[in-house]
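Listed here are the chains, written in short residue letters.
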Amino acid sequence: MSAALAALLDHAAAPPGGAAPRHPAAEDAPGVLPARTDAAAPVAGYVGADVPVELLTAAWMLPVRLAGSPAEDAELGRGYLGGGLDPVACSVLTRLLDGAYGRLDALVVSRDCEASLRLFYVLRELRRVEPEVPIPPLQLVDVLHLPHRTTTRYVLAKVREFRAWLGELTGDPISDDAFAAAVAAHDRVRGLLRRVGDLRGPGQRRLTGTEALGVVRAANSLPVDRAENLLRDLLAELRTREPRTGHPIHLTGSSHDSPEVYEALEGAGLLVVGEDHDRGDLLSAHDVGAPTELAVAERYQFAGPAAPRASIRDRAAHTRAAVRDRGAEGLLSYVRRYDDAPPWDFPAQRAAVDVPSAIVERQPYGEIDPRELDRALAELRAPAEVTR
Amino acid sequence: MSAPARKDRLPSAAAATAHQREWFAELHREVAAGSPLALVNADAPQEVFRAMGIPYVVNQWWASIVAAKRRTPEHLARLRDRGYPDYTEQYSSTSLGSAFDPDPGSAPWGGLPMPSIVLAETTGDASRKIFDVWGEQPGVTFYPLESAAADSVPERWWELMPHRWEEAIGRDRIDLMTGELEGLIRFLETTTGRRFSQQRFTEVMALVNEQEEWNRRSRDLIATARPCPIAVTDGIPAVMIPQWHRGTTWARDAAKRLHDDVAERVGAGAAVCEGERARLMWIGRGLWFDLDFYRRFQERYGAVFVWSMYLAIAADGYVRYGDDPLRALAARFAAFSDQLYTPPWSAEWYVKEALAHGVHGVVHLVSDDARGSWATTRALRAAGVAVLELHADNVDARRSDPAFLDTAVGSWLETDVLPGTTS
Numbered sequence: 001m002s003a004a005l006a007a008l009l010d011h012a013a014a015p016p017g018g019a020a021p022r023h024p025a026a027e028d029a030p031g032v033l034p035a036r037t038d039a040a041a042p043v044a045g046y047v048g049a050d051v052p053v054e055l056l057t058a059a060w061m062l063p064v065r066l067a068g069s070p071a072e073d074a075e076l077g078r079g080y081l082g083g084g085l086d087p088v089a090c091s092v093l094t095r096l097l098d099g100a101y102g103r104l105d106a107l108v109v110s111r112d113c114e115a116s117l118r119l120f121y122v123l124r125e126l127r128r129v130e131p132e133v134p135i136p137p138l139q140l141v142d143v144l145h146l147p148h149r150t151t152t153r154y155v156l157a158k159v160r161e162f163r164a165w166l167g168e169l170t171g172d173p174i175s176d177d178a179f180a181a182a183v184a185a186h187d188r189v190r191g192l193l194r195r196v197g198d199l200r201g202p203g204q205r206r207l208t209g210t211e212a213l214g215v216v217r218a219a220n221s222l223p224v225d226r227a228e229n230l231l232r233d234l235l236a237e238l239r240t241r242e243p244r245t246g247h248p249i250h251l252t253g254s255s256h257d258s259p260e261v262y263e264a265l266e267g268a269g270l271l272v273v274g275e276d277h278d279r280g281d282l283l284s285a286h287d288v289g290a291p292t293e294l295a296v297a298e299r300y301q302f303a304g305p306a307a308p309r310a311s312i313r314d315r316a317a318h319t320r321a322a323v324r325d326r327g328a329e330g331l332l333s334y335v336r337r338y339d340d341a342p343p344w345d346f347p348a349q350r351a352a353v354d355v356p357s358a359i360v361e362r363q364p365y366g367e368i369d370p371r372e373l374d375r376a377l378a379e380l381r382a383p384a385e386v387t388r
Numbered sequence: 001m002s003a004p005a006r007k008d009r010l011p012s013a014a015a016a017t018a019h020q021r022e023w024f025a026e027l028h029r030e031v032a033a034g035s036p037l038a039l040v041n042a043d044a045p046q047e048v049f050r051a052m053g054i055p056y057v058v059n060q061w062w063a064s065i066v067a068a069k070r071r072t073p074e075h076l077a078r079l080r081d082r083g084y085p086d087y088t089e090q091y092s093s094t095s096l097g098s099a100f101d102p103d104p105g106s107a108p109w110g111g112l113p114m115p116s117i118v119l120a121e122t123t124g125d126a127s128r129k130i131f132d133v134w135g136e137q138p139g140v141t142f143y144p145l146e147s148a149a150a151d152s153v154p155e156r157w158w159e160l161m162p163h164r165w166e167e168a169i170g171r172d173r174i175d176l177m178t179g180e181l182e183g184l185i186r187f188l189e190t191t192t193g194r195r196f197s198q199q200r201f202t203e204v205m206a207l208v209n210e211q212e213e214w215n216r217r218s219r220d221l222i223a224t225a226r227p228c229p230i231a232v233t234d235g236i237p238a239v240m241i242p243q244w245h246r247g248t249t250w251a252r253d254a255a256k257r258l259h260d261d262v263a264e265r266v267g268a269g270a271a272v273c274e275g276e277r278a279r280l281m282w283i284g285r286g287l288w289f290d291l292d293f294y295r296r297f298q299e300r301y302g303a304v305f306v307w308s309m310y311l312a313i314a315a316d317g318y319v320r321y322g323d324d325p326l327r328a329l330a331a332r333f334a335a336f337s338d339q340l341y342t343p344p345w346s347a348e349w350y351v352k353e354a355l356a357h358g359v360h361g362v363v364h365l366v367s368d369d370a371r372g373s374w375a376t377t378r379a380l381r382a383a384g385v386a387v388l389e390l391h392a393d394n395v396d397a398r399r400s401d402p403a404f405l406d407t408a409v410g411s412w413l414e415t416d417v418l419p420g421t422t423s
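Protein chains in written order, with my numbering: chain B, 1 to 388; chain C, 1 to 423.
In isolation and in its complexed conformation, chain C is listed as follows (with noise of 0.2 Å):
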């Protein structure tokens, strides 16, 4: 997940990439030491293993490393040959084909270490079955974790979180995920033999909450701000670097020099984009194979992506308090995908953030994927907010031509976006 090399770059996005990488080599040496390694999705619960030491992976961010590697069709590939499919939930199953590298050493960063424990909830069809062929990898377990559905949803759920979730939420499901993590550190305690320390974890917690603190006061800031103060693909590295890292005091401290930036270009009234004209929302995973695709539309059209999920799901998707830290990260996760991807939730923060950051437009991408878009967008135009459904895939750049995209974001920009704003 980086963007290319600017002398502009923010501070805190080359930060956080050098840290990375950082970490990344010292894992390395971890796990030819012996340390256990997990490989965790990006919507479950990590911070169990921040609090008993055991280091991880999140699945998509290495897929995310490899797709900016430009790696992901020979990793799909070697799914193929064992003859699983190449054509379903290609961003989770990405790493999956890091475990088939006969040459993991010539890979990106080194190559993904195996793990030994690997945690995923059960959505979709395909992801859990992902997991289940790692689980038949030797040395390497699978502990699924249940994922849950509501029948009913409050509409304005980012007002509930921080401290209402279980109202906002439900018992039964909040129950479950509870139930769930108690069996997950008692399988950890047992297997790695490392200790669950309660107040080791509250202090996790306390870092977390902390951390999205930071990224709230960075989405508002860049919400306010005209003109655009940083590019969207500093703010991306700048915010889930830190993010797999959360529960540190250097996450902790990486959000709040994130927040310094932006304080800091809007104090000065810095510009990512010399003469804005669009204000854009992009909604969807990072267009991994092709992160200067955001900056191509401000230099043809002065268009700038002021919004990604990343910062703002950060922002109001992470922060839970309450009295019992176990139950409070159960909270975290229990309607974690529900938050992005489940209507009335997803669509009407939405359009809250789009309301909020005072888009011209937004740049739906929608995959052939069971995500549903139809709600967001019509929630979205309903809001008097023009949307551009981009049909493509976010790592497998095989359906997503450049000079496609390029010209359907283009030709949107001319005929429905830019008429409306005043140059």
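Chain B extracted, bound-state conformation (with noise of 0.2 Å):
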């Protein structure tokens, strides 16, 4: 394994925190963020991919993307959200409350799905109703995704809303320099990350889904700098290395924030060579551009197309056209349960394609059926050598 591969699965696999760009002014700022004793940012916990990461970076915060942990209990998180929530909402509500992320001087949560907005609305009821819990500062971004003039214009308004937020957060308003910076760095890599994705393709496959999944991991919870780095010493690296094998596959259906289907699928002989997951390709696939506030609202706006939020129509010609450009030999849908978008976009998804498909649902979060995959192996039709 490469040095650079090396370092963001270890950081994949670490805890949030670690080296951060440190604000100038901080020791010094009047702010509501109390004073820190390391050298370290601020960090901000964020929760779903549509918040404007960019604005984090640019008030001198390290954006941390939450991941929740299937191997931990979740029964804390699942008594405050119910038995019928996205169990993922219900473990990063567990690791929130346990501390399980340790510090985080703000929360921001997305409204990428349903699960994250109960989530935001079981938080602000805590602080509420419990205010000894300790939740640090809470906002909600809330990016809607329908493509229409009305929905832009509302979504700017809340991303003007969260800039402000964070100028009153820590105390020193963000600059316009330092905005345009933080787009700047984060469309780097996100470049990068298209091109990482690049050698997942035909004639390439430089790098497992497995891998590639704790790439993306490193790169929501890396300071933007050190995260472009280590993306392009693996680049670097990657143009040397052996193809990975496996039955090539297209992976749609819930998103993964942890490694265990991606290793199960693999283990059984397939190859994840690209995702409509926004932990995966979909994280990458739009830049902001422009250094203004209507950019950032317009990348978000249209980011995707994401199953909870885009029409089945978008997603089956999104399907479509990413098994094509990486040569994938089968769609296979994984749903977990509780998550109610994916099922629903299959059938238009498996006509769309010309490969064969298969879809498991309501899977345990983090596992997945072994006799189920034993079935959509069969039904993708993947070579026996490679199969179990």
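Calculated directly from the structure, the hints in this document are not laboratory data.
Remember, it's a predicted structure, so these values are computed and weren't measured experimentally.
Please note that the accuracy of each hint is not assured.
What the hints assert, rightly or not - Cβ-Cβ distance ranges computed for the label pairs, FRET-style:
| id | chain 1 | residue 1 | chain 2 | residue 2 | range |
| --- | --- | --- | --- | --- | --- |
| 1 | B | F302 | C | R296 | 51 to 59 Å |
| 2 | C | A18 | B | E72 | 55 to 63 Å |
| 3 | C | E299 | B | G79 | 31 to 39 Å |
| 4 | C | E203 | B | R375 | 43 to 51 Å |
| 5 | B | A378 | C | P419 | 53 to 61 Å |
| 6 | C | G139 | B | A184 | 42 to 50 Å |
| 7 | C | G83 | B | G79 | 28 to 36 Å |
| 8 | B | V129 | C | G358 | 18 to 26 Å |
| 9 | B | G102 | C | R226 | 51 to 59 Å |
| 10 | B | A71 | C | D401 | 30 to 38 Å |
| 11 | C | T407 | B | V129 | 25 to 33 Å |
By construction, the Cβ of each residue, glycine as well, lies at the ideal position given by its N, Cα and C atoms.
Grab the two chains, each in its own frame, and use the hints to assemble them into the complex.
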């Protein structure tokens, strides 16, 4: 394994924190944020891919996308969120309440799916009725996704609201220069992630899906300049790497915040060469471009198409293109229990592609039923020699 | 949404049900003659269609009819046959099963005519997808409306909504919904050829406010009446059928009829349950496949359901006054589901209603969906109200065996509620 890949995957497996850019005036700022005694920037935990991380970076905070953990008991969070909600949200809430993320100086929640929104409502209510529960300053960023001018106007208002909130939180309004620098830096990282993604395509296959998932996870929690440097190194090192083996598939359905399912699929002889998850290829599909609030608003409004927020038609068209571009020979939809959107997409996705397809539904968080996996492998007509 | 026929049925409930059947038969004739038809979600702004003379069927109302006729499983099976899930948002997806009915003539009420327009807000993760599938059917167009969320909200929204809705909901959300409605109107003008008259729309909005004011008076009468004067299974159709026809003089008058029925019964000291021992609140959607459920507990235990969200949300959730009727309509729906499902709005409202009605206990229907029940249950218990969380689905009887429901509620009444009441 290359050094850069090892560093990225090590970071993906580690808790948030670590080296980060230092706000030059942090110790002197009269803002709400507590004074820090170490050399790290304040940490902003965020939920969902619709949070404009550019603004967090521009506020001299370290954006860390929060992930759940299927191996940990999530009963505490389930008690608040109910048994019918995506278990990822229950896990994230449990970990927040348990302090598993370490110190968070802010908590930002997007509305990328219903579970994230419900998580926000519970956190807001907990702050109201159980003020002794330590929850950091909390903000919802309500990015919506219909492709209409009216939606753009609304999302722009939410972006401006978020920028103003961050300025009040840090005691230091975000400058236009810091904003422009953050937009450019995150765009560069997205561009590098796209180039890494290309190396999963036909004739390349330079990294497994599990590894790609880890790279994205690291990019979601590293300081942007550190992520950029590691991704550049990774691209250089991958050029000489031998292709990974396995039956190439495009993975759709639920998003994955941990590697267990990817590992199970690839352990069974598949190779995930692309996915339409915001913890995968979708994260880097769109750039901001111009350093303006409107550009940020449009970038996040038109991001995706993610299963919970995009139309069936858009999802099917995207799937068709992604399968073709990566040379996938099968389409697998993996759907986690209580993740309600993906199974509605599948009939149209199946009809849109000209490769074998399969769906496994209502799977436990972080797992795939072995019998369902066997059935899916048969439907995908994965070569017998690479199946278990 | 028809309760079992009884000799003591509330006249306004019987009249509403009869009207609905006649209206639906007429609808079949209109659509056969070429009229456009809309299928709209319950929490979508139907008043635009009313003002333009475009008939509409409310998605969840139709689902309740199908459930009351115990036909939901076959509807869901049709979705499954086409590769769609039969286990998400069944209340919203049942009507879609009607679109795939090979023999609609044998369906309840002669079947759901195929709509030409479907309207829904993009709430939840599956709701929008269900309407996407509708939009793929020949001759059907899906018009999606945004559903925005607020970072902060007031606790006592019911005091602000009639006149100070801008303050309660926030300008950004109302601006968004107003823009969405302007687009909807233009879309309907273009595709149906029907006109949108501002004068007619203003009349519709005024009629709705009148109707809901009658509902408010009815709710307040029931809250203070001892014993409970009407059955919840009468109250629901007497409120909701006119609600689906709101903006008409018939609906306004039907709400007044309900009020007059309630007032007459209160004046006469009439009781749904002789020897009323406990007053109960039902939180959640109606248990459409088992409407007799509510009565069983008054017969066995003297426990009367005095409250459902249908009359209460009609009383508190719809009234919007203001000089700009389109903006007022946006304010009616920009936060509609928040009133019922988003804390602190929902939680504080349920507590207010529980206390106003003097209930001894709350049965809280908790479905496997994303609406979250913790805040509501917590708030009620913090206010000293006993709560039973009943885990079931309101239309999908496959998960809600009557014996289970009866045992769960009966045991709770015996142990948590009745010992604290005076018989």
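The hints, checked one at a time:
Checked against the hint of 51 to 59 Å, the pair F302/B and R296/C passes, with Cβ atoms roughly 53 Å apart. Evaluation of the 55 to 63 Å hint for A18/C and E72/B yields a pass: the beta carbon distance comes to about 57 Å. Hint check: E299/C to G79/B, Cβ distance near 35 Å, so the stated range 31 to 39 Å holds. Between E203/C and R375/B the C-beta distance comes to about 59 Å, which lies outside the given range of 43 to 51 Å.
A C-beta distance of roughly 59 Å is found between A378/B and P419/C, which places it inside the suggested range of 53 to 61 Å. For G139/C and A184/B, the hinted distance range of 42 to 50 Å is satisfied, since their beta carbons lie about 49 Å from each other. In this structure the supplied range 28 to 36 Å holds for G83/C paired with G79/B, their Cβ-Cβ distance being about 34 Å. Look at V129/B against G358/C: about 24 Å separates their beta carbons, and that is inside 18 to 26 Å.
In this structure, G102/B and R226/C meet the distance hint of 51 to 59 Å, their C-beta atoms being roughly 56 Å apart. Judged by the Cβ atoms, the range 30 to 38 Å given for A71/B and D401/C holds: they are separated by roughly 35 Å. A beta carbon spacing of about 32 Å between T407/C and V129/B agrees with the range 25 to 33 Å that was offered as a hint.
The structure is inconsistent with hint 4 alone, although it conforms to all the rest.
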